[in-house]
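Engineer: These are the residues of each chain, in order.
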Amino acid sequence: ETGVTQSPTHLIKTRGQQVTLRCSSQSGHNTVSWYQQALGQGPQFIFQYYREEENGRGNFPPRFSGLQFPNYSSELNVNALELDDSALYLCASGPSGRGTDTQYFGPGTRLTVL
Amino acid sequence: GESVGLHLPTLSVQEGDNSIINCAYSNSASDYFIWYKQESGKGPQFIIDIRSNMDKRQGQRVTVLLNKTVKHLSLQIAATQPGDSAVYFCAESNTGGFKTIFGAGTRLFVKA
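Just so you know, the sequences run in chain order A and B. Position 11 (the first sequence) corresponds to 11 in our numbering; numbering is contiguous. Plus 1000 on top of the position in the second sequence (first one is 1) and you've got our numbering.
These aren't lab readings, by the way, just hints derived from the structure by calculation. Keep in mind that a hint or two might mislead.
To be verified - Just a sample of chain B residues kept apart from chain A, beta carbon distances all over 12 Å, derived: (1) Gly1016; (2) Arg1061; (3) Val1062; (4) Thr1063; (5) Ala1078; (6) Pro1082; (7) Ser1085; (8) Thr1095.
What the hints assert, rightly or not - Label pairs and their in silico Cβ distance ranges: (9) Ser7(A) to Gln1045(B): 16 to 24 Å; (10) Leu83(A) to Asp1055(B): 40 to 48 Å; (11) Ile1020(B) to Arg51(A): 37 to 45 Å; (12) Asn30(A) to Lys1056(B): 39 to 47 Å.
C-beta atoms are modelled at their ideal positions from N, C-alpha and C, and glycine is treated no differently.
Produce the complete structure using the sequences and hints provided.
Structural biologist: Here it is, written out as C-alpha cells:
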C-alpha cells in the first residue's frame, strides 16, 4: 500500500458530460501527478501540481484541468467527455516536485464513457 | 519525439528461472530511469530506479542495467516467482523535469 487513495473506484459517464476524480496524496508529499492509462498501454502524463500550482503539462487538451488543495489532495476534472476518454486515471504523489522523485501511485479510477 | 519502448510485449518464464525484460529509450536528456510493476486492478508499483551516472543497480532479487551508448535499459528478476506475474513498465524522467514517460509495458507470465 502506498498511502495514495483515489475516488471513486469506477465511474460511468455519457459523452458530453463532465467528471471530477479525486486523489489523496501520501502523507508528507506536496506533489501530485495525474496520468491516463488506456487499456493495454502505459500511463500517459496529463499534468503535475506542486504546492497548489500547475508544474507542467503533457499533451492533453484544456478540457482536462486540475486543482491541488492546501492539504495537497487533488482533483482531475474532464469536461465534454469523449469516448476516447475511457481509461484508468492514476494519480501519483511525490515529496518535492523533482523529476527524480520516486512517485507513489494510487489504485486508479476506471472511467467508462458511453 | 520522445518515446520509451519495449522490445517484447509478453514474456513467459518457468518458476525459478531468471527473467529479463528489455526497454529502449530515445530521449538523450533523460537521466533517471525507473521500473514499475503493475498487477491487475492496481496502480504501478515502484520496483527499482537508476540514474544515468550508473550502469547497474541491484535490489532484492532485481537488477537494473543501463546502457547509455545504445539507450537500452533492462530489468533482471532472479528466481522468478508466481507473484512476479504482472505488467512491467520502464519509465524515464530527468533532473529538473516534471514529466515521467512510460513505455507500453511487458506482460510477464510465470509458469508453475
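Engineer: Say whether it holds or is violated: Val1062(B) keeps its Cβ farther than 12 Å from all Cβ of chain A.
Structural biologist: Val1062(B) is indeed farther than 12 Å from all Cβ atoms of chain A, at 15 Å.
Engineer: Just tell me: holds or violated, for the beta carbon distance of Ser7(A) and Gln1045(B) against 16 to 24 Å?
Structural biologist: With Cβ atoms ~20 Å apart, the hint holds.
Engineer: Checking the smallest CB distance to chain A, is Thr1095(B) really beyond 12 Å?
Structural biologist: violated, 5 Å
Engineer: Would you check whether the claim that Thr1063(B) is not at the interface survives, using Cβ distances to chain A and the 12 Å cut-off?
Structural biologist: holds, 18 Å
Engineer: Would you check whether the claim that Ala1078(B) is not at the interface survives, using Cβ distances to chain A and the 12 Å cut-off?
Structural biologist: holds, 22 Å
Engineer: Decide, holds or violated, for the assertion that all CB atoms of chain A are farther than 12 Å from the CB of Pro1082(B).
Structural biologist: The assertion about Pro1082(B) holds, with a minimum of 21 Å to chain A.
Engineer: If I take the minimum Cβ distance from Gly1016(B) to any residue of chain A, is it greater than 12 Å?
Structural biologist: holds, 28 Å
Engineer: Kindly confirm whether 39 to 47 Å is satisfied by the beta carbon distance between Asn30(A) and Lys1056(B).
Structural biologist: For Lys1056(B) against Asn30(A), whose Cβ atoms are near 32 Å apart, the range 39 to 47 Å is violated.
Engineer: Confirm or reject the statement that Ser1085(B) sits farther than 12 Å, beta carbon to beta carbon, from all of chain A.
Structural biologist: holds, 16 Å
Engineer: Is the hinted range of 40 to 48 Å satisfied by the C-beta distance from Leu83(A) to Asp1055(B)?
Structural biologist: holds, 44 Å
Engineer: Was Arg1061(B) rightly flagged as not at the interface, with every chain A Cβ beyond 12 Å?
Structural biologist: Fine: 19 Å to the nearest Cβ keeps Arg1061(B) off the interface.
Engineer: Indicate whether the distance between the beta carbons of Ile1020(B) and Arg51(A) respects the range 37 to 45 Å.
Structural biologist: holds, 40 Å
In this structure, the hints that do not hold are numbers 8 and 12, in rising order.
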